[in-house]
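Undergrad: Per full-length UniProt numbering, the very first residue in the sequence shown carries number 1; after that it's consecutive.
No lab work stands behind these hints, which were simulated from the structure alone.
Treat the numbers as computed from the prediction; the structure is a model and nothing was measured.
Just so you know, even glycine gets a beta-carbon here, dropped at the ideal spot from N, CA and C.
There may be inaccurate statements among the hints.
[Claimed, not checked] Calculated cross-link-like contacts (lysine-lysine; reagent style PhoX-like; alpha-carbon spacing at most 25 angstroms):
#1 Lys12 x Lys300
#2 Lys152 x Lys300
#3 Lys247 x Lys83
#4 Lys152 x Lys229
#5 Lys124 x Lys83
#6 Lys138 x Lys229
#7 Lys25 x Lys12
#8 Lys247 x Lys195
[Said to hold, decoys possible] Computed beta-carbon distance windows for the label pairs:
#9 Glu21 x Gly390: 27 to 35 angstroms
#10 Lys334 x Lys146: 17 to 25 angstroms
#11 Glu48 x Gly240: 38 to 46 angstroms
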Amino acid sequence: MVVDLLLQNGIKEARIYSADEDILKAFDGSGIDLTITLFDYESVQTKEAAVQWMNTSFQYVERCNIRRVYIGFNAFSMGMLNKTILQVAMNAYTSMQEAINQRAYGGVIKVTMPHSDYVINVEKITRPSEADFRDLLKEQMYNYLKILEANKAPLLGIEFAGPSDNPSHIIEDVNGAVYTNYFDFLHDSFVWAIKKAGVPDLDIVVGAVGWPTDGLPGGNTTSAENFYKHLLPYVTSNKGTPMRPGKPIDTYIHALTDENMNGDYFPYARHWGIYRTNGEPKYKIDLSGQGRDIYPARAKGIMRMPERWCVYTGNPVKVFNKTKVVEEFTAACKVADCTSLAPGASCSGLSFSQNVSYAFNMYFQMAFQDERECVFSGYAAVVTEDPSTGDCVFPVEVVKGQQINFNFTRSGQGRRRFAPPSPIFVFLLTAVWVSLNC
């Protein structure tokens with residue numbers, strides 16, 4: 001279903017946060033160029049282990065059009081505090097590239113490592129030409145960049161920033177460069193950093209860029225739509241940046257759907273998706289990069305469950321016990337996604353009873369409307385009148401088996417627990433789309 005959705009939208013490249021066989025099978029023969037991620041890089045830190053991985057996965061190299069292999073996640077940033085982590089990641093990186101080269105695929109498959117902007121001194125600079133890699137990382141970074149250059153692999157930077165112009169805030173740099181948006185500013189900061197490292201022509205790929213639709217002030221569909229309306233035509237225009245005029249900006253879009261199994265330490269981290277879990281797009285976005293005022297293709301064949309919600313009733317037959325209600329609310333939110341209740345989010349202005357109802361309903365929907373999961377010590381009931389209010393939507397789940405980002409399982413007696421998400425759905429649907437000269 002997910003691969004079909006990518007194809008319907010004309011997506012030619014995708015990045016997935018996994019290398020599991022089941023996921024690769026879904027892309028088999030799709031024609032989509034694929035970037036995979038090896039988070040368990042400790043398992044391939046030796047040449048022998050990397051060769052074994054390549055032997056096992058070789059059948060998917062051509063059939064799944066694997067074009068890039070990413071090692072870990074922000075190992076250089078973590079390496080500032082723990083050099084062992086960085087060394088293990090570097091060992092895995094070099095071992096994987098050598099194993100791929102040994103198979104004579106080095107010209108097709110490139111190995112690289114994701115980076116955050118923290119690898120450069122971004123907080124200390126006022127213009128891109130002042131950017132440089134942090135002193136604590138320079139030796140390892142310079143060695144790494146030389147290997148990238150030798151293998152013609154790109155530097156992967158991560159940027160969550162939009163290119164919408166702000167003429168009232170203009171930054172002038174050397175050689176007449178002018179910056180009116182943070183996207184160009186950060187991109188060219190990396191360009192300056194690699195120039196100082198002696199590899200000025202190294203390709204740079206924007207690793208993930210997007211706009212959340214909930215979970216914080218300004219996180220909404222209107223802002224996301226406006227963000228992409230500016231971003232996509234910009235990166236596909238071949239206009240380039242002041243430091244690299246006329247050069248395409250390869251950019252991954254994050255993400256396909258919301259990810260309700262992401263950690264909730266940042267509530268907005270679960271709301272990057274272009275699509276809702278029922279396969280409907282949240283807003284207009286032209287994934288061809290032409291800037292047309294259109295919705296992307298809708299997922300086909302997904303059915304919603306009945307129009308039923310679980311809400312807080314106050315239990316008129318029992319003495320009100322606020323402590324107990326709060327306990328039930330907390331228990332529901334430990335399992336279900338309550339990030340829309342965060343300050344500034346779409347449901348942040350609810351009353352006490354509405355807050356509790358929202359949590360109860362999220363748990364109920366996650367249990368596929370099992371009425372045994374709408375009890376909450378007698379303080380809840382199933383209703384058919386939609387409790388949504390204003391911008392706060394009380395969702396209804398899709399039919400079991402068609403959901404795209406979580407699993408549900410029984411766990412002995414008492415309240416059921418929700419298992420880790422099914423990898424094929426989670427990682428396929430946390431795949432980010434890439435816009436490459438669309």
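Undergrad: Now, for every hint given, state plainly whether the structure supports it.
TA: Hints and how they fare:
Between the alpha carbons of Lys12 and Lys300 the distance comes to roughly 20 angstroms, so the proposed pair stays at or under 25 angstroms and holds. Under the criterion of a C-alpha separation no larger than 25 angstroms, the hint pairing Lys152 with Lys300 is inconsistent with the structure, at around 40 angstroms. Simply put, Lys247 and Lys83 have alpha-carbon atoms about 35 angstroms apart, too far for the 25 angstroms limit, and the pair is violated. Taking the CA atoms of Lys152 and Lys229, the gap is near 32 angstroms; set against the 25 angstroms cutoff, the hint is violated.
Distance hint between Lys124 and Lys83 is fulfilled; the C-alpha atoms sit about 23 angstroms from each other, no more than 25 angstroms. A hinted pair counts as satisfied when its Cα atoms are at most 25 angstroms apart, and Lys138 with Lys229 does not qualify at roughly 37 angstroms. For the hint pairing Lys25 with Lys12, the CA-to-CA distance comes to about 17 angstroms; that is within 25 angstroms, so the pair holds. With a C-alpha separation of about 16 angstroms, the suggested pairing of Lys247 with Lys195 holds against the 25 angstroms cut-off.
Between Glu21 and Gly390 the Cβ separation comes to about 45 angstroms, which falls outside the hinted range of 27 to 35 angstroms. Between Lys334 and Lys146 the Cβ separation comes to about 47 angstroms, which falls outside the hinted range of 17 to 25 angstroms. Taken as a hint, the range 38 to 46 angstroms holds for the pair Glu48 and Gly240, whose Cβ atoms sit roughly 42 angstroms apart.
When held up to the earlier numbered hints, the structure conflicts with 2, 3, 4, 6, 9 and 10 and fits the remainder.
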